[in-house]
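Here the protein sequences line up with chains V and Y, keeping their order. Residue numbers for the first sequence follow the working numbering, so the first one is 1 and each next one is one higher. Residue numbers for the second sequence follow the working numbering, so the first one is 1001 and each next one is one higher.
Check before you lean on any hint, since a few could be wrong.
[Stated by the list, open to error] PhoX-like, lysine-lysine: derived pairs with alpha carbons at most 25 Å apart:
(1) Lys175(V) <-> Lys35(V)
(2) Lys252(V) <-> Lys1052(Y)
(3) Lys253(V) <-> Lys226(V)
(4) Lys1052(Y) <-> Lys321(V)
(5) Lys271(V) <-> Lys253(V)
(6) Lys147(V) <-> Lys100(V)
[Stated by the list, open to error] Residues of chain Y clear of chain V, computed beta-carbon distances all greater than 10 Å:
(7) Ser1008
(8) Ser1028
(9) Arg1033
(10) Gly1037
(11) Ile1056
(12) Val1066
(13) Glu1067
(14) Gly1070
(15) Glu1074
(16) Tyr1075
(17) Asp1078
(18) Thr1083
Keep in mind the hints are simulated off the structure, nothing from the lab. These numbers come from a predicted model, not from an experiment. Beta carbons: idealized from backbone N, C-alpha and C, even for Gly.
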Amino acid sequence: MDQTRLNILLVSPRADYLSRSPEFGRYMTESREMKTILHWWNGMGAALQTVAALTPEPNQVTIIDENYEPIDFSGNWDIVGITAMTQQAERAYEIAGEFKQRGRFVVMGGIHASVLPSEAMEQVDTVFSGEAEINWPRFLRDYAEGKPQRLYEQSDNACVDMTLIPRPRYDLVAKYQYPVIWIQTTRGCPHDCEFCAASTIYGRQYKHKSVEQVAEEVREVRRHWKFAQIGFADDNMFVNRAYTHELLAVFKKLNFAWLAQTDISIARDEKLLSELHEAGCRIVFIGFESVNKSNMKGLNRNHWKDRMFEHYPEYIYAIQKHGIGIYGSFILGLEEDSKDSIQATTDFIDENNIMGAQITILTPFPGSRLRERLLRENRVTASEWKWYTGWNSVIEHKNLSAGDLETGLLRIYRDIYNPESYRQRAAYFRDICRNLVEAQGI
Amino acid sequence: MMQSANVSDEVRRIMSSVSRFDISSLESDIRFREELGVDSLMAMEIIAYCEKELSIQLDEGNLGCVETIGDFVEYVNDVFRKTHGPDKA
Chain V
1 MDQTRLNILL
11 VSPRADYLSR
21 SPEFGRYMTE
31 SREMKTILHW
41 WNGMGAALQT
51 VAALTPEPNQ
61 VTIIDENYEP
71 IDFSGNWDIV
81 GITAMTQQAE
91 RAYEIAGEFK
101 QRGRFVVMGG
111 IHASVLPSEA
121 MEQVDTVFSG
131 EAEINWPRFL
141 RDYAEGKPQR
151 LYEQSDNACV
161 DMTLIPRPRY
171 DLVAKYQYPV
181 IWIQTTRGCP
191 HDCEFCAAST
201 IYGRQYKHKS
211 VEQVAEEVRE
221 VRRHWKFAQI
231 GFADDNMFVN
241 RAYTHELLAV
251 FKKLNFAWLA
261 QTDISIARDE
271 KLLSELHEAG
281 CRIVFIGFES
291 VNKSNMKGLN
301 RNHWKDRMFE
311 HYPEYIYAIQ
321 KHGIGIYGSF
331 ILGLEEDSKD
341 SIQATTDFID
351 ENNIMGAQIT
361 ILTPFPGSRL
371 RERLLRENRV
381 TASEWKWYTG
391 WNSVIEHKNL
401 SAGDLETGLL
411 RIYRDIYNPE
421 SYRQRAAYFR
431 DICRNLVEAQ
441 GI
Chain Y
1001 MMQSANVSDE
1011 VRRIMSSVSR
1021 FDISSLESDI
1031 RFREELGVDS
1041 LMAMEIIAYC
1051 EKELSIQLDE
1061 GNLGCVETIG
1071 DFVEYVNDVF
1081 RKTHGPDKA
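Construct all of the structure, not just a fragment, from the sequences and the given hints.
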């Protein structure tokens, strides 16, 4: 090894992000509408690009997204870093094994290793648990001195100050034609939902990058991708409204179209909705979770979603009439669901003209309170991570069999993403756009 | 009344304004959905502006045949001619 210059490979493993059912696979290839949806829910988060930015020169970093490009196992890498969500974990371990056989030093981070560090440590040399902004440079120093630790934990340090995070190395993934490029502006979410593992990583404390940092990332992304849409990967982007207003004023000047994830509270703020549309916000991804009110109790610790439930139709209307489309997230398999929930979900999406929806089966991801509870109740039916797609059933439900859940999920997708439903929604949005055009001009 | 070349320019100006991509980058062979990222809502907004600015009525059902920016400009030109007469286009 050249002691003065490390050759580092960072890998995002290949993954089946969708159902592993053959029937679902056939539907994906047949449905033009579904293919369009999936095309846009694509791309890679900014984690590896951020780690690359935290790597000082003269070290050399290469990033490979295995969903786009095969891995060069024969490369002369000093360190191989792998990130993985749970559905990528098994492939991540295969990749780690292959590199370790070749004598490479393998490290792993990302949400799966963060919540199950002991499991990951059986497969790789060093594990990062939690935010890596402080620990990655520390690891590089330790490695250079020949004494890398087996585990670097976030709790070893103070919280990461996001304003100190360097601009991610988007240039290293500009070789991939992603339809959406994901940028992170904030971390944290106040809602602490039972099924969500993100709170384990970021906690309920809410923090953000500076407005100028974000603006520079947007400029950088637009330098590298001519037509890619920008998506904000934050779990809940508009929690800090003062920061949001500052951000939107800059976005308006930068003049780009974008999408974001938020809770539904934005619907109560007409001024904010107008600002969002003017600033280029096209789509917001909102977790409605269920169309069955009895499911909402206890879903999150502060019962916020339970209180919002009765307002869903008026809030959906309020957001979409501003020309901002909603992608609603719904979970099938919450405690009180029954076979009736399948049709009720479709009806809710159609009746409220929701632009698009992502429906998943309740999945006890590691790191979530849900997993702890279902394990206690002996209701987790699969331990292989490859089944944790969110589209396959890995739970025992009191009213619905695994088959009911998986065929019910497919039925909802078939019903909401068919040409006739599309036409109905297009007509609805056409009226909205006509009203906006009359009101605004161009 | 607007001439054909002006109709094409106006359609591109509207597409640039709604998609927020520079008008100079909107070449005819760019694929409307896959490359430019025109989602269903953006398409409706483009249609609404074209209708208002060009005093025409577009049928969103015909968008299924539109693959590229050039296809869309041609489709709007065609509707414009049918609406306002060939001598205007």
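*Give me the numbers of the hints this structure contradicts, sorted from smallest to largest.*
Hint check: 9 and 10 fail, others pass.
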